[in-house]
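Student: Next come the chains, spelled out residue by residue.
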Amino acid sequence: MRMENDDLKPGKVVLELTVANHPGVMSHVCGLFARRAFNVEGILCMPTGDGDESRIWLLVLDDSRLPQMVAQLEKLEDVRSVGRHGADRPVFERLQAFFE
Amino acid sequence: MQLTGAELLVQLLEQQGITTVAGIPGGPILPFYHALAASKRIRHVLARHEQGGGFIAQGMARVSGRAAVCLASSGPGATNLLTAVADAKLDSIPLVCITAQVPSAMIGTDAFQEVDTYGISIPVTKHNWLVRDVRDLLEIIPAAFRIAESGRPGPVWVDIPKDVLTAGIEIAQLPLPSMRTPAPQVDDEQLARAAALINAARTPVLYLGGGVIAGDAAGAATAFAEQAGLPTTMTLMGLGAMPVDHPLSLGMLGMHGARYTNYALAEADLLIVLGARFDDRAIGKAAEFCPDAAVIHIDIDAAELGKIRRPDVAIQGDVATVLACLAPRVQANPRARWLERIRELKQQHPLALPGSEDVRSHYGLIRAVAGLLDEGAIIATDVGQHQMWVAQAYPFRRARQLLTSGGLGTMGFGLPAAIGAALAEPGRTVVCFSGDGSLKMNIQELDTAVEEGVNIKVVLMNNQSLGLVHQQQDLFYGQRIFAADYRRPTDFVRIAEGFGMQVFDLDAAADPRACLAQAMATRGPCLIHCSIDVNQKVFPMVPPGAANTEMIGG
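Protein chains in written order, with my numbering: chain A, 1 to 100; chain B, 1 to 554.
Okay, chain A solo, but in the shape it has when bound (with noise of 0.2 Å):
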């Protein structure tokens, strides 16, 4: 996985994730991209509320397959929502600060 600390690029989409909080559903969401050889270039996971739930933070390319990554990962049980945003929600720029 690869870290960039430029700004969020056109052709940059981050993905909102509501899942199951347990362990194992980090193995499954990256699993997932892994084995389709879908780059993830940046990961943010926390767990929210009263801790049953988490929310995961993908910078993803929008490349062709993503349409297919979304909805391969919206079969995954214990995803319960997939979100997509541009450069509204500026999640990863946010965090530059870490990694300079």
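FYI, nobody ran anything at the bench for these hints, they're computed from the structure. Note that this is a predicted model, so its numbers are computed, not measured. Some hints here could point you the wrong way.
What the hints assert, rightly or not - Ranges between beta-carbon positions, derived for each pair: (1) B:19 x A:38: 39 to 47 Å; (2) A:38 x B:139: 27 to 35 Å; (3) A:63 x B:553: 37 to 45 Å; (4) A:93 x B:474: 55 to 63 Å; (5) B:40 x A:62: 55 to 63 Å.
Stated by the list, open to error - In silico SDA-like pairs for lysine to any residue, Cα to Cα no more than 25 Å straight-line: (6) B:307 x A:33; (7) B:285 x A:37; (8) B:89 x A:65; (9) B:307 x A:72; (10) A:12 x B:308; (11) B:307 x A:76; (12) A:75 x B:307; (13) B:307 x A:34; (14) A:75 x B:179; (15) A:75 x B:138; (16) B:307 x A:74; (17) B:89 x A:38.
A virtual CB, placed ideally from N, CA and C, is assigned to each residue, including glycine.
Model the placement of chain B on the given structure of chain A, informed by the hints.
Tutor: Chain B only, in chain A's frame:
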């Protein structure tokens, strides 16, 4: 009620309706086997290799449409199961795999026979669990069956540490057994667009995949074809959905389909795809598959819609439900001109089955076996030339009649899958067509077949070779046959007899046809051995990477 985790698991399986499980015990799973021994409702079939156990469960699931259970212990037990589970994933077969794990406190210490079963099972399952608390079984086991059977079916895997199996639990009553999740609502607007395309089409083709069989929609699909005058092709996994001798049947498409089938598809102006996924062996070079056809794609799995081919109309839904909604909107149409053209193509480019009168040749043996059976028989195959010859030449007439490893193409599938089928449907005759290469990959299950006394007939087409590899090297690798021929003959007759199995050797029979008939009429397991010519090919053949219209041979 006070139970151990193992006893709870047995009760949860019982109330899910499980009556037969296949597996092999070992250290960590022994608490479960101890509890299983006391069950009056579940019969355990001892496989000889965990992969065999996995395929026995697949055989049960493929003929019943219900999730079947296989068991293995930790470490090598779990890794041996892996191929059978991956096979179930690619063919959408509902399985519940239960393995034991080293005790929770030892996980991550490289304990004896410890392997990361949870981690290695992720890519080959629909979902999986590592059970961390005995109470979690109450939720996980019903969920395992629900997920395996709902939507697009598939395998799930439950890994249970030994201490969870021995832990005590006090419960008032068992949770309810799981029900399948209802299929999604069918989109009305898409239905209307689909009906309009069908009503306007001049040369439409109906394309049936394994989803038609998994969704119990074979009868509905055939009726739909008749109503709308649709020539109908089937994938390997869809064979049996429409009787192959039906006037509208085009048989199997793709790499080893008949010439008329692939030519007819090339002339289609509309493809109506039901429960299929545009597999590369079915469609050949994707960019040149049915270039002039609009596509209506109907599948329960939303991720299949547009994965390979962008459809003009995509409908996510249960195939039977969608057909029930679609049929009233589609005009009855005899399509005389198109069907006349199909008849012409069939006449000009028929499927050649050379040697079908000779019982000791590949096609002849398949036709002779078919001639001795009715459509109640179940046909399992292994993987290779014999599998394709069976797909071409056996007259499949009903859903769930053919059990074959389509997606993963696993040699060694046939024998244990046939055992599972016979366990689930003891009243039927189960034939396993196999090759010598495939049979050797799970030959130890001959022992299981004899022990269980299942009514299976293993028809071994022996060419002392990995036939499909031999064929490819002969055709595409300058006839350099390498690592494809076995250098010395194996005495399969003695091997089978060593396992206590009855053998009918067509090579040695004065009247091979009578010998075959006697074998088919004999109840219980037997091996039917027949040597065949290593130089016979599966034709026609679409060379790898070519378009379906560029067939060679046949």
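Student: Each hint needs a verdict: does it hold in this structure or not?
Tutor: Hint by hint, here is what the structure shows:
no., hint, verdict
1, B:19 x A:38: 39 to 47 Å, "43 Å, holds"
2, A:38 x B:139: 27 to 35 Å, "32 Å, holds"
3, A:63 x B:553: 37 to 45 Å, "39 Å, holds"
4, A:93 x B:474: 55 to 63 Å, "59 Å, holds"
5, B:40 x A:62: 55 to 63 Å, "58 Å, holds"
6, B:307 x A:33, "16 Å, holds"
7, B:285 x A:37, "21 Å, holds"
8, B:89 x A:65, "22 Å, holds"
9, B:307 x A:72, "10 Å, holds"
10, A:12 x B:308, "23 Å, holds"
11, B:307 x A:76, "17 Å, holds"
12, A:75 x B:307, "14 Å, holds"
13, B:307 x A:34, "18 Å, holds"
14, A:75 x B:179, "19 Å, holds"
15, A:75 x B:138, "23 Å, holds"
16, B:307 x A:74, "14 Å, holds"
17, B:89 x A:38, "21 Å, holds"
Consistency with the previously given hints is maintained throughout, with no hint failing.
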